[in-house]
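**Student:** All chains, please: the whole structure from these sequences, using the hints.
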Amino acid sequence: MPTNFTVVPVGDVEDGSNSVGTAGASKPVSLGKIFGEEDNEDNLQGPHSGDDSQRETSPFISSDTEGGHCYDGKNMALFEEEMDSTPMVSSLLNKLANYTNLTQGVREHEEAENADGVRRVTVMVSQMGTFIGVYLPCMQNILGVILFLRLTWIVGTAGILGSFAIVSMCCICTLLTAISMSAIATNGVVPAGGSYYMISRSLGPEFGGAVGLCFYLGTTFAGSMYILGTIEILLTYIVPTATVFKESEDAAMLNMRVYGTCCLVLMALVVFVGVKYVNKLALVFLACVVLSIMATYAGVIKTLIEPPDFNVCLLGNRSLRNEHFETCSPADISPIFCNNATCDEYFQLNNLTEIQAIPGLLSGVIKDNLWGNYGPAGMLIEKANQPSVPAQETPKDTYKQYVFNDITTYFTLLVGIYFPSVTGIMAGSNRSGDLRDAQRSIPIGTIMAILTTSFIYISCVVLFGACIEGVVLRDKFGFSVKKNPVIGILAWPSPWVIVIGSFFSCCGAGLQSLTGAPRLLQAIARDGIIPFLQVFGHGKANGEPTWALLLTVGICEIGILIASLDDVAPILSMFFLMCYLFVNLACAVQTLLRTPNWRPRFKFYHWTLSFLGMSLCLSLMFISSWYYALVAMVIAGCIYKYIEYRGAVKEWGDGIRGLSLNAARYALIRLEEAPLHTKNWRPQLLVLCKLDSDLAVKHPRLLSFTTQLKAGKGLTIVSSVLEGTYMARGNDAKTGEQNLKAAMAAERTKGFSHVVVSSNLRDGFSLLIQSAGLGGMKHNAVLMAWPVGWKQARDSSARRNFIETVRETTAAHQALLVAKNIDHFPSNQERLKQGTIDVWWIVHDGGLLMLLPFLLIQHKVWRKCKMRIFTVAQMDDNSIQMKKDLQMFVYQLRLDAVVEVVEMHDSDISAFTYERTLMMEQRSQMLKQMQLSRTEREREAQLIHDRNTASHSTMNDKAAGSTPDRVHMTWTKDKLVNERNRHREGMPVKDMFNMKPEWENLNQSNVRRMHTAVKLNEVVVKKSCNSELVLLNMPGPPKNKKGDENYMEFLEVLMEGLDRVLLVRGGGREVITIYS
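Its first residue numbered 39, the sequence shown is counted upward by one per residue in our numbering.
Hint data in this document are derived by calculation from the structure and do not stem from the laboratory. Computed from a prediction, not measured in an experiment: that's the story for all the values here. Backbone N, C-alpha and C fix where the C-beta goes; we use that ideal spot for every residue, glycine too. Worth double-checking, as some hints may not be accurate.
The list that follows gives simulated cross-link-like pairs (lysine-lysine, DSS-like), each with its CA atoms no further than 30 Å apart [unchecked claim]:
#: 1; residue 1: 788; residue 2: 736
#: 2; residue 1: 1060; residue 2: 871
#: 3; residue 1: 788; residue 2: 751
#: 4; residue 1: 1061; residue 2: 921
#: 5; residue 1: 816; residue 2: 717
#: 6; residue 1: 871; residue 2: 1061
#: 7; residue 1: 898; residue 2: 1060
#: 8; residue 1: 521; residue 2: 340
#: 9; residue 1: 816; residue 2: 779
#: 10; residue 1: 1061; residue 2: 1079
#: 11; residue 1: 829; residue 2: 871
#: 12; residue 1: 751; residue 2: 904
#: 13; residue 1: 898; residue 2: 1061
#: 14; residue 1: 921; residue 2: 1060
#: 15; residue 1: 728; residue 2: 829
#: 16; residue 1: 902; residue 2: 871
#: 17; residue 1: 751; residue 2: 922
#: 18; residue 1: 816; residue 2: 1077
#: 19; residue 1: 921; residue 2: 717
#: 20; residue 1: 902; residue 2: 736
#: 21; residue 1: 679; residue 2: 736
#: 22; residue 1: 736; residue 2: 751
#: 23; residue 1: 728; residue 2: 284
#: 24; residue 1: 438; residue 2: 284
Derived CB-CB ranges, DEER-like [stated by the list, open to error]:
#: 25; residue 1: 720; residue 2: 203; range: 50 to 58 Å
#: 26; residue 1: 336; residue 2: 576; range: 46 to 54 Å
#: 27; residue 1: 373; residue 2: 669; range: 47 to 55 Å
#: 28; residue 1: 1057; residue 2: 697; range: 52 to 60 Å
#: 29; residue 1: 938; residue 2: 830; range: 31 to 39 Å
#: 30; residue 1: 642; residue 2: 444; range: 42 to 50 Å
#: 31; residue 1: 435; residue 2: 392; range: 21 to 29 Å
#: 32; residue 1: 701; residue 2: 1059; range: 36 to 44 Å
#: 33; residue 1: 373; residue 2: 300; range: 36 to 44 Å
#: 34; residue 1: 672; residue 2: 402; range: 47 to 55 Å
#: 35; residue 1: 669; residue 2: 934; range: 40 to 48 Å
**Tutor:** Listed below in structure tokens is the structure:
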């Protein structure tokens, strides 16, 4: 049964307490009213807030921060403590209903000051539909300068079939891109930036920034192309006499540069003064385009009734420029070819012929125009099947009277020149904020605009080829038809319809480019992903991108200085194609990943279509111009790497991150399918760091050594353990992890950081050793620092933790690296000029001792160090043969190392060894009393001290007559040196046995172990005291845990007198091989 809820309003009392009125005395109010109050201060944030991560990380559209709400209702009391973080559904729905997206068009924001001086932005509500908001802007951007100035020339040069192939490829490419774009645009709201926003949020900031800048450059060069088209129409067809430079080879290009620069400055001023004027004129510009196309179709229909009265004069089979004569007669033309009674040879040998420029739709000229007529620059335009008598040579002065190719023509060039005529499909998505229903309007409007324009282009190709004579089609500037545009002589009622229409169309398109490009750059700059572009995110008070406009004008001027429409068109083709390529890639990646957030309302897409569109874009890039394609890719690659290296860290839930996760999962699964081969083994380190009381890394050089050992290769997990419970120390764990990351960044350690909270350190270390890593990417070696203060510690936890770590790594078949004096190890900035890395190979436990120095020497810190390998020979060993065998083994391992065999003869156990063993056991006896109270501990220590002192005094009185004052619980370095000298210069060992009867009570196992440590330490110190690093086999702890306290003392004796030591314990498998 449904339950009726009545919400009682809360009355505020002066003292701040809330009282609940009775249900009968108060009116029910909506929960949305209680919880939907917005903090108006959030709305005051201007458009210059560079980081919009708060908006993007919010799962919903509205991310306004709510004020603190107090709710004492009874119906929802179960959830009252969570109201701040999880609002009621009615509150959420209220926000969604009141949401209005900001416009990203070129509308100026009207600002006013209220009484408090706070700016308020008044934004009109978006109400445009599909036809006005998407269809017409796309039509206006797609149809333009190429249609009016170059399409007839492309048809004449490539033929109807070649032109049909060019138009079809480009239109299919944009149609597939539009399908992908529609899927992305309908997968949520597309805020400012349009295509840049779609790509960056789908493929990540690196791809988004790179492609966004390429799209910006493409839009900027499109402005250059439209301005050049405007000037070409002006100087060629409207006012040919207005040229600044008259007669010179480069006069045309110089005139284009001068007039183009003036036009650019004028358009930039219009854009700067107010973009609203450009908006108001947009409909006028679009009307010019539509009227021009309608006039063209009307002219085609008129050719069925009466062909236009335009004729072409041919001399032989060559087309003549007819701006200097009225009629095609010898009387009018002879002055051009004859001078002082001497006439041109070709003029004398051939006849004049006058043919119709536009024979008409039913004339059958379509057969002659099916195939292409490519040729080099300067090739004369000749009519096929026309009788002609060739001349020996054509003088230069008469050569200019013919119509000829101004550039070398070939198929791929025409593709690059034509492609800009199909760009502009992003106009609808760029206006998504101005649409009433963007998710419905963008797909329908964009695809319908592409289908309409594709029909116009394909029909124009066929109709031009069927109506116009071939020599006229190949006449790029209309010189053979009295300097009229070729499409103009076809149009009805007059060529001036095309001239005026195309002129205003190019002007409007240029203004649109100069309006859109700065806003695109501003959107990129405000995202903050490219640091050096942040200045271009600022502008006028109303948000107009002033600085971005200045940069756009500067780049646009570069295109104008090129001064050739045919040279600029392939440049912007590259940038647009790259943008379309990544739109298709974004859709394909999102579709294949099947991320939960990928839910487009546009359903007519498939990843194969996106992949086909991506392949077609890439093919068209290299077909158009392979060197421009490479330059565009290099520019995009440099921007990508720059953003990756210096850009701000952004998490936009992009598809590349999802792709990385899928690739990582696949790789991890593959790693577990088969065991790792010895040739692929490298140390995957678990670094056990210690944090101090401030949660900072206590030994940062441990991370430096990790970097030098790993050089960014393989797996590195830097971890630490905090003692306590996670509920109490959860924030400390996060802080410690951040400090670990900061220390890793400072030491250039590439890897992962992890801090766990455990009831005690021992369990935390055990947990890390067992569970760190994932799948096949688990650590195989543990790196830690030697516990320096284990002797001074009041409790034995440090010693126990260390020994248990050794035992657990051995049980887990993991290698263990223990660094002594880690703070003395070199930093990453140091460079060791010389020195050696000494390896003391006592026992073979997998070859890790051999591999580690090799890995270290690869790093620039240790690069100049030499590697030395020492091994120990016993009495029964042949040291000479051992050295030969070891040299051969090292040679087969491809290691550059010096080999030395050290002979250790059996000798009697020295008095020094017995003394060290005695003091070790005395100290162990002390440590066993640590569980007593402090008073009892001190009393017990004093009793042991007195008893040992008395025993030593009695024996020394008999032997040497000297009495030591006290027993040293810690063996100092000075005492060690004195004892060694006294031992070497003293009496025989057997006499000393008689003098020290308490030695006979010592554990003989401990005596033998201490003897080995002392003797080995003497040899190591003698050979390696000056080496930069000493690597030693680390003996394992005793199986009987009763001897744990002595194990640490053995290791101390083994490393005594050495500065930098790395104890190495293998993981029980071979890690180095002689085989390839």
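**Student:** Give a verdict on every hint.
**Tutor:** Evaluation of the provided hints:
1. Between residue 788 and residue 736, the direct Cα distance comes to roughly 19 Å. Compliance with the 30 Å bound is thereby established for this hinted pair.
2. Distance hint between residue 1060 and residue 871 is fulfilled; the C-alpha atoms sit about 22 Å from each other, no more than 30 Å.
3. Restraint check for residue 788 and residue 751: satisfied, since their Cα atoms lie roughly 8 Å apart, inside the 30 Å limit.
4. At most 30 Å may separate the alpha-carbon atoms for a hinted pair to count; residue 1061 and residue 921 meet this at roughly 16 Å.
5. Of the pairs offered as hints, the one joining residue 816 and residue 717 holds, with about 17 Å between alpha carbons and a cut-off of 30 Å not exceeded.
6. A distance of roughly 20 Å separates the Cα atoms of residue 871 and residue 1061; the hinted pair therefore holds under the 30 Å criterion.
7. With a C-alpha separation of about 28 Å, the suggested pair residue 898 and residue 1060 falls inside the 30 Å cut-off, and the hint holds.
8. Between residue 521 and residue 340, the direct Cα distance comes to roughly 22 Å. Compliance with the 30 Å bound is thereby established for this hinted pair.
9. About 19 Å separates the Cα atoms of residue 816 and residue 779, which keeps this hinted pair within 30 Å; it holds.
10. Between residue 1061 and residue 1079 the CA atoms are separated by roughly 34 Å; this puts the pair beyond 30 Å, and the hint is violated.
11. Between residue 829 and residue 871 the CA atoms are separated by roughly 36 Å; this puts the pair beyond 30 Å, and the hint is violated.
12. Note on residue 751 and residue 904: the hinted pairing holds, with a Cα-Cα distance of about 23 Å set against a maximum of 30 Å.
13. With a CA separation close to 25 Å, the supplied pair residue 898 and residue 1061 stays within the 30 Å bound.
14. The hinted pair formed by residue 921 and residue 1060 meets the criterion: a straight-line CA distance of about 19 Å does not exceed 30 Å.
15. Simply put, residue 728 and residue 829 have alpha-carbon atoms about 18 Å apart, close enough for the 30 Å limit, and the pair holds.
16. Simply put, residue 902 and residue 871 have alpha-carbon atoms about 6 Å apart, close enough for the 30 Å limit, and the pair holds.
17. Of the supplied pair hints, the one linking residue 751 and residue 922 is violated, its CA atoms being roughly 34 Å apart against a limit of 30 Å.
18. For the proposed pair residue 816 and residue 1077, the alpha carbon gap of about 27 Å is at most 30 Å, so the pair holds.
19. Of the supplied pair hints, the one linking residue 921 and residue 717 holds, its CA atoms being roughly 26 Å apart against a limit of 30 Å.
20. Straight-line distance between C-alpha atoms of residue 902 and residue 736 comes to about 29 Å, which keeps the hinted pair within the 30 Å bound.
21. The hinted pair formed by residue 679 and residue 736 fails the criterion: a straight-line CA distance of about 34 Å is larger than 30 Å.
22. This hinted pair checks out: residue 736 and residue 751 have alpha carbons roughly 24 Å apart, not beyond 30 Å.
23. Between the alpha carbons of residue 728 and residue 284 the distance comes to roughly 82 Å, so the proposed pair goes past 30 Å and is violated.
24. This hinted pair checks out: residue 438 and residue 284 have alpha carbons roughly 15 Å apart, not beyond 30 Å.
25. For residue 720 and residue 203, the hinted distance range of 50 to 58 Å is satisfied, since their beta carbons lie about 53 Å from each other.
26. For the hinted restraint 46 to 54 Å between residue 336 and residue 576, the CB-CB distance of approximately 50 Å keeps it satisfied.
27. For residue 373 and residue 669, the hinted distance range of 47 to 55 Å is satisfied, since their beta carbons lie about 49 Å from each other.
28. Roughly 56 Å separates the CB atoms of residue 1057 and residue 697, a value that falls within the hinted 52 to 60 Å.
29. Our hint of 31 to 39 Å for residue 938 and residue 830 holds, since their Cβ atoms are close to 37 Å apart.
30. A hinted range of 42 to 50 Å for the beta carbons of residue 642 and residue 444 is consistent with their spacing of about 44 Å.
31. Taking the beta carbon of each, residue 435 and residue 392 are about 24 Å apart, inside 21 to 29 Å as hinted.
32. Taken as a hint, the range 36 to 44 Å is violated for the pair residue 701 and residue 1059, whose Cβ atoms sit roughly 51 Å apart.
33. The hinted range of 36 to 44 Å is satisfied by residue 373 and residue 300, whose Cβ atoms lie roughly 37 Å apart.
34. Between residue 672 and residue 402 the beta carbon distance is about 50 Å. The supplied range of 47 to 55 Å therefore holds.
35. Taking 40 to 48 Å as the suggested C-beta distance range, the pair residue 669 and residue 934 conforms, at roughly 44 Å.
In summary, the structure is inconsistent with hints 10, 11, 17, 21, 23 and 32 from the numbered list given earlier, while agreeing with the others.
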